[in-house]
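Student: In order, the protein sequences belong to chains A and B.
Those letters in the first sequence? Residues 1413 to 1873, per the numbering used here, in order.
Those letters in the second sequence? Residues 102 to 333, per the numbering used here, in order.
Simulated from the structure, these hints should not be mistaken for lab results.
We put the beta carbon where it would ideally sit given N, CA and C, even for glycine.
Hints are supplied without guarantee of correctness; some may be wrong.
Far from chain A by the CB rule (all over 12 Å, computed), these chain B residues [what the hints assert, rightly or not]:
| hint | residue |
| --- | --- |
| 1 | Ser-232 |
| 2 | Met-285 |
| 3 | Asn-318 |
On the chain B side, residues computed to face chain A include the following (Cβ under 8 Å) [to be verified]:
| hint | residue |
| --- | --- |
| 4 | Ile-105 |
| 5 | Phe-106 |
| 6 | Asp-107 |
| 7 | Ala-114 |
| 8 | Arg-115 |
| 9 | Ser-117 |
| 10 | Met-133 |
| 11 | Gln-261 |
| 12 | Met-262 |
| 13 | Leu-266 |
These are the residues of each chain, in order.
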Amino acid sequence: MALNDQVDQLPPKGIRPPIIGPGQTLGTATDRIAGIVLTKHTPIFWFAVVAVSVGIFGILNTAIAYLLGRGTGIWGINIPVGWGFAIVNFVWWIGIGHAGTLISAILLLFKQSWRTSINRFAEAMTIFAVMQAGLFPLVHTGRPWLAAYWLFPIPNTMGVWPQFRSPLIWDVFAVSTYFTVSFLFWGIGLIPDFATLRDSAKTLVVRRIYGMLAMGWRGSARHWNRYETAYMLLAGLATPLVLSVHSVVSLDFASSIVPGWHTTFFPPYFVAGAIFSGFAMVLILAIPFRALYGMQDYITLRHLQNCAKVMLATGMIVAYAYVLEMFMGWYSNDRYELAMVHNRLHGPYSGYYFMLVLCNIIIPQSLWFNKVRSSPLALFLVACVVQCGMWLERFVIVVMSLQRDFLPSSWGMYWFTKWDIATLLGTMGFFTLLFFLFIRFMPAISIFEIRTLLPQSKVKE
Amino acid sequence: MAQIFDRSANTLARASLLGVVLLLTGVGAALMQFQRSPFVTNQHIAPEQPVPFSHQHHVAGLGLDCRYCHTSVEESSFAGIPPTKTCINCHAQLWTKAEMLEPVRYSYRTGESLKWIRVHDLPDFVYFNHSIHVAKGVGCQSCHGQVDQMPLMYEENTLQMEWCLNCHRQTEKFLRPKDQVFSMTYAQPSEDHEVSFEGKKYTSQFDLGSDLHKKYNLRTVQDITSCSTCHR
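Only chain A is shown next, with the shape it has when bound in the complex (with noise of 0.2 Å):
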């Protein structure tokens, strides 16, 4: 079957599209997916992004081997704003991972049949994500080599441990707690599809990889039983996950005295950010996907509305949470929490404040319009604006409190240099790269829940 001749079809007014698109047999949804991992032809655009992506992380490792030669310096921070770039992008990260956890988890719980096309992408989202965001805390200290026992509390001969009553260790704790949970859901997921693949490849070698991923799966019910046992435990594990990680993130700022950051609002604000970002990624990835491999008919525009739709929601929470922190600073009658609010407005990064409300507020409510949520050349368009307006948000609530403290004769500038670009986008191509290979090597929608939304599985009374 050629790329991209299936063409959406948007169903008359007042009637939602469908999950599933029409005509699907348990056979050809098998095939189709399958497909992608098994096929001999690898597309040549696949060849064109890994090729890209691959130049784009050789960036990123020249420019933390340069990091390790010359050490943090390289970077723009420095008294005042010691926080730069590597916290942003940290925070950035690992917000985007918090979609994957709510679509595989909670949606699972609530029994939304829907996320079944979008959950296997959407968990593999959520691990790369978590990596990038684990770079920077590592590369961030200059020396990771001791970052191991700067960040986990391992035995050595100074006899000394982190400070377990700072949120800096705790967020060591919540991020690799979440990366476990997730990695696990994620692995658990495909042992019923790696099995799939280790029936349907042709040679002795793809059969014995995808033999040995598959940990012996024979589709019994008992092992169906099992198997399901151990994903809602997962998904119990991994719910309460999605609302506490990016809490303890938060608190690495809201525990601190500096005006901007020492409010109560900021885990719920902050996790509020993180699902946001992480649909917009959804949708980022999802239509660029479904456009070069033709899967319309299993990510449909149910599912891209229903993105934008939980965009949309979330959106307006972190709209309230920027006027409650204007609110906050007048509210507290605190002088330096009010030169905050002004500095947000009219300091020397305003500029940013200002992008930052046109990103993640005037331009999302768009999709209000059932025309924009339809659309999904619009929708990656306002995907992309939101994941800018989420970093400038990281951006703005780090460097915008550092750079004005409470002593004017201490106020400095923040520039970040071309070794914070390159860092930051060479997560970009790592992210995409891992991306890419996990499409064409694992089953990108998970081919054993696709069955259960056809039609052929519905048994009747």
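Place chain B on chain A using the hints.
Tutor: Structure of chain B alone, referenced to chain A:
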């Protein structure tokens, strides 16, 4: 369809689970042992010196006081390495023809220092001061070991931070009366060995150490285990 795996694959799969756990714990344990091994710490390794100077002979055999050579140990951060002149005080008359002492005489004739290899070398980011330890009742022997039993000088302890903290966190286990600081034969009080201090007889190191802590105005454990006490 033919089987793609042999029956043994089941056992291998299970064994590999155990294998990963054992491998990780094994590597972790090995790394921890390595970090504490003499290969890293130089503990108990006597480096080759320009002259094979024997502390055993000079201290236990001849009865020299530590301060005869290490003159600044009571006032300075650095205990002091004696100048060649200190050696020549005696060796102008003793063993004047000994082959072994030729580097000492050469150094004296030319004024070129003997290049001793430093045995106890703390990292530069550690602010260490001998005088405060001597003034608060920490015996030479507590850190340097039975120097009077060492034919060649070596590190008795690892000098790793956990070892420093081991004393800073529980000074009462190590303190001794100030007049015993330079003694190499002092023994801590115990049930069958009394130590008297200011007219009071002690049979427990804990009691003695706790009293000395107060008497010598040591700062609190919190103070002396604070980061900036040693890293300034």
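Student: Look at each hint and say if it fits the structure.
Tutor: We went through each hint and held it up to the structure:
| no. | hint | in the structure |
| --- | --- | --- |
| 1 | Ser-232 | holds (24 Å) |
| 2 | Met-285 | holds (28 Å) |
| 3 | Asn-318 | holds (25 Å) |
| 4 | Ile-105 | holds (5 Å) |
| 5 | Phe-106 | holds (6 Å) |
| 6 | Asp-107 | violated (11 Å) |
| 7 | Ala-114 | holds (7 Å) |
| 8 | Arg-115 | violated (10 Å) |
| 9 | Ser-117 | violated (10 Å) |
| 10 | Met-133 | holds (7 Å) |
| 11 | Gln-261 | holds (4 Å) |
| 12 | Met-262 | holds (4 Å) |
| 13 | Leu-266 | holds (4 Å) |
This entry does not satisfy hints 6, 8, 9, going by the numbered hints stated previously.
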